[in-house]
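**Q** Sequence:
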Amino acid sequence: MTALLRCAAAAALCLLTALPAAAGGLKPLTPRPAPALKLASLAGPAIDLASLRGKVVLVNFWATWCPPCRKEIPSMNRLAARMAGRPFAILGVNMGDNPADIRAYTQQVPIEFAILPDPDGNLLKPWQVVAFPTSYVVDKQGRIRLGLFGSIEWDSPEAVAELERLLAEPD
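Start counting the sequence shown at 1; every next residue gets the next number (my numbering).
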């Protein structure tokens, strides 16, 4: 499964990087309920997206072998620090890597938000992940509101403005 997952993701990523840069930006989506997401975190306890209702949640699907994923992690760390104490969370769902490999990766690339390993790729289909990184922003009511297929600087003024807009909405 892991080899197939990597091959499919690499092919999709190649197609994605051939698109114009403007096509890779954070896009508003028609609100829809977020699929179930409950996984053990790399730190131990399970995290259930449903338990994060009342928060805006960035759900980022990534892999250790993905260069664009590696590139955007520092901006996600900065975003996590900027949003500390606010109703905001980042869930980094690692696709296809085993926990030991993820831990080794985090020694090289520090990650300062929750990491949820999905070594078998069980969330690919329900979350419609076709390339890495893929990110969705879930609003306080548990609906997917924004999507991104590719990487961005998550702490850029444009991205932060979109997140602030969702944070300002009533619970």
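Since the hints were made in silico from the structure, they are not lab data.
Hints should not be assumed to be uniformly reliable.
List time: in silico BS3-like cross-link candidates among lysine-lysine, alpha-carbon distance up to 25 Å [to be verified]:
(1) K27 <-> K140
(2) K55 <-> K140
(3) K27 <-> K55
(4) K55 <-> K38
(5) K140 <-> K125
(6) K38 <-> K140
(7) K125 <-> K38
(8) K125 <-> K27
(9) K27 <-> K71
**Q** All hints are to be evaluated individually against the structure, with a verdict given for each.
**A** For each hint, the structure was consulted:
1. K27 <-> K140: holds, 18 Å
2. K55 <-> K140: At roughly 5 Å apart (the allowed maximum being 25 Å), K140 and K55 satisfy the hint.
3. K27 <-> K55: Judged against 25 Å, a Cα distance of about 19 Å means the pair holds.
4. K55 <-> K38: holds, 16 Å
5. K140 <-> K125: holds, 23 Å
6. K38 <-> K140: Holds, at roughly 17 Å.
7. K125 <-> K38: holds, 15 Å
8. K125 <-> K27: holds, 20 Å
9. K27 <-> K71: holds, 20 Å
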